[in-house]
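Whenever a hint applies, use it, and build me the whole structure from the sequences.
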Amino acid sequence: MTEASQQEVIYRHSGAVRVTHWVNVIALLVLLMSGLQIFNAHPALYLGAKSNFDDPVMAMRPMKHGEEIVGVTTIAGWNIDTTNLFGLAYMPDGDYEVRGFPWSVTLPGHRDLATGRRWHFFFAWLFVINGTAYLIYSLVSGHLRKDLAPSGSELKHIGASIWEHIKLKFPQGDEAKRYNVLQKLAYLIVALVLLPLMLATGLAMSPGMDAGYPFLLEIFGGRQSARTIHFIAASGIVLFVVVHLVMVLITGVWNNLRSMITGRYVIKLPEGQA
Amino acid sequence: MSAKPKIDRRGFLTRGLAIAGATLAGGCDSELSEQPWVKRILDKAEALTYASQRALVSPTALAREYSEAEISKDFKANGSTEVDDDGYRALAANGFADWRLKVGGLVGQPLEMSLAELRAMPARTQITRHDCVEGWSCIGKWTGVQLKALLDKAAIKPNARYIVFYCADDLGETGDDDGKYYESVGLEDAFHPQTILAYDMNGAPLPIPHGAPLRLRVERQLGYKMAKYVMRIEAMDGLAGIRGGRGGFWEDRGYEWYAGI
Chain B
4 MTEASQQEVI YRHSGAVRVT HWVNVIALLV LLMSGLQIFN AHPALYLGAK SNFDDPVMAM
64 RPMKHGEEIV GVTTIAGWNI DTTNLFGLAY MPDGDYEVRG FPWSVTLPGH RDLATGRRWH
124 FFFAWLFVIN GTAYLIYSLV SGHLRKDLAP SGSELKHIGA SIWEHIKLKF PQGDEAKRYN
184 VLQKLAYLIV ALVLLPLMLA TGLAMSPGMD AGYPFLLEIF GGRQSARTIH FIAASGIVLF
244 VVVHLVMVLI TGVWNNLRSM ITGRYVIKLP EGQA
Chain F
15 MSAKPKIDRR GFLTRGLAIA GATLAGGCDS ELSEQPWVKR ILDKAEALTY ASQRALVSPT
75 ALAREYSEAE ISKDFKANGS TEVDDDGYRA LAANGFADWR LKVGGLVGQP LEMSLAELRA
135 MPARTQITRH DCVEGWSCIG KWTGVQLKAL LDKAAIKPNA RYIVFYCADD LGETGDDDGK
195 YYESVGLEDA FHPQTILAYD MNGAPLPIPH GAPLRLRVER QLGYKMAKYV MRIEAMDGLA
255 GIRGGRGGFW EDRGYEWYAG I
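In order, the protein sequence lines correspond to chains B and F.
Residue numbers 4 to 277, in the working numbering, belong to the letters of the first sequence in order.
Residue numbers 15 to 275, in the working numbering, belong to the letters of the second sequence in order.
Hints in this document: simulated from the structure, not taken from any laboratory.
If you're wondering where the values come from, they're calculated on a predicted model, not measured in any experiment.
Just to be clear, a hint being listed does not mean it is correct.
[Said to hold, decoys possible] In silico DMTMM-like cross-links for lysine to aspartate or glutamate, where the CA-CA straight-line distance does not exceed 25 Å:
1) Lys90(F) - Asp57(B)
2) Lys90(F) - Glu100(B)
3) Lys67(B) - Asp88(F)
4) Lys87(F) - Asp177(B)
5) Lys87(F) - Glu221(B)
6) Lys155(F) - Glu221(B)
7) Lys155(F) - Glu100(B)
8) Lys116(F) - Asp192(F)
9) Lys90(F) - Asp58(B)
[Said to hold, decoys possible] Heads up, incomplete: computed chain B residues facing chain F, CB under 8 Å, no partners named:
10) Ile41
11) Met212
12) Ala214
13) Arg267
We treat Cβ as the ideally placed atom computed from N, Cα and C, and that holds for glycine.
Spelled out as structure tokens, the structure:
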């Protein structure tokens, strides 16, 4: 058996999927970092229409702890000391600065709400245009139906797929030519739930859009709830990206990267299948 | 040997990703944001947002109005919360009895109105949500005179495009007019039924931290549009000649003129 017969090169990702994927990567990175800049202008989240300043569901703020001033993150009534991470950070000279997220993860990298907003809304437009193009392509080309929608039998065997993932055993051969059921569900949840939710909750924070489309306030339970959901959905996307990157790394980083750049993906065929 | 080019390619990719990452994440971004060409490109989004919201939202669509029960107990006062000026303090000490609102610019009939005269005009009361650009919201009850009624009374001229509001507070702390708060709105917002000059808040005369004796309410935009301590209103055909030329105190400091989002 020669080496060549043990692998097969398939064309995995269409040009449209590759381009919209990378545009989305850039847009989401800028949106996340500028979003954290905007969040830092008032690092607290509330439920309902208005901000009950005494009762945030989440807040990053300085608090007195004896003689010391510490950074505290409050989540649903729990106070967690997050000094130097969230809420408050000490400088090398012993002075401290009150802020939510570290400036190293915000855009710009210093306090500048006005510029953060400009980055955010510009890349929000790029995200919307790119995402719309992707969804239209996916519907028209059949990408959504053929590659992403899980079949009934796949859903039935989801337990087995979860168990295989836990054992870090990934599909080989013909099975590796298509997404497995967990991949399909993860991509569908991101593309059809989390990302559209980011847009909808973003628009619900707009006083202009709220006047024209009051249902934006109804569906999320008020502007401050929409802001909280915007933050949670963004956290969900960050979680997805972390898992996605780990999976890319452990299932063959160069093969995966090449397939999202050139479209070509190498399948290793098990003995006997070649 | 055959593996060598592969390593180089990896090295190149790694370096490329590192540079891209550093540019975005590592502090270069602060300088990137200062580049005039970057600012010019990012600015394009504001025009797109403005045009889209104007196309998608009817000029007469009203901002949500809330019930008495939903009024914030602790309505945050932001920006200036007092006016550090002897003239203003003298007016305040006398309950603003000697204060006069001047209406001028491109009008056929310039006005000087006392608080009593404004209160004698038909009033509108609305319980609305105030959305600060920082992210928080408070709900308050506002009573005042519709800006449209005042502009009609002053016989606004057809070539007017903007209404500019000049305020008493020196938020920029420059000690001269350059640091004083000002704002502007277009005619669609100026004539909107919920655009009022409020003299009462939550059923009592407007407190000083919230802009006594008169503040603007533009309910379909963010809080910084709603100028406090309004002293003078002018109808203008452009904004270029006024202070920083961008139509407002915060606009001159990088914020969007259209604050609908």
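Minimum beta-carbon distance criterion (8 Å), arginine 267(B) to chain F: Cβ of arginine 267(B) sits 15 Å from chain F, so the hint is violated.
25 Å Cα cutoff - pair lysine 87(F), aspartate 177(B): violated, 64 Å
Is the hinted pair lysine 87(F) and glutamate 221(B) satisfied, with a Cα-Cα distance of at most 25 Å? Cα-Cα ~23 Å, so holds.
Measure nothing beyond the straight line between the CA atoms of lysine 116(F) and aspartate 192(F); if it is 25 Å or shorter, mark the hint as holding. holds, 20 Å
Double-check isoleucine 41(B) for me: the hint is only fine if its C-beta lies closer than 8 Å to a C-beta in chain F. holds, 7 Å
Does the closest beta carbon of chain F sit nearer than 8 Å to the beta carbon of methionine 212(B)? holds, 7 Å
Verify the interface restraint on alanine 214(B): the C-beta must sit less than 8 Å from at least one C-beta of chain F. holds, 4 Å
Are lysine 67(B) and aspartate 88(F) close enough, with their CA atoms no more than 25 Å apart? Status holds; Cα separation ~23 Å.
For the pair supplied as a hint, lysine 90(F) and aspartate 58(B), is the alpha-carbon distance within the 25 Å limit? Roughly 14 Å separates the two Cα atoms, so the pair holds.
Within a Cα-Cα threshold of 25 Å, do lysine 90(F) and aspartate 57(B) meet the stated pairing? holds, 12 Å
Has the given pair, lysine 155(F) with glutamate 221(B), been kept, meaning a C-alpha gap of at most 25 Å? The hint holds at about 21 Å.
Are lysine 155(F) and glutamate 100(B) close enough, with their CA atoms no more than 25 Å apart? violated, 36 Å
Of the numbered hints listed earlier, those contradicted by the structure are 4, 7, 13.
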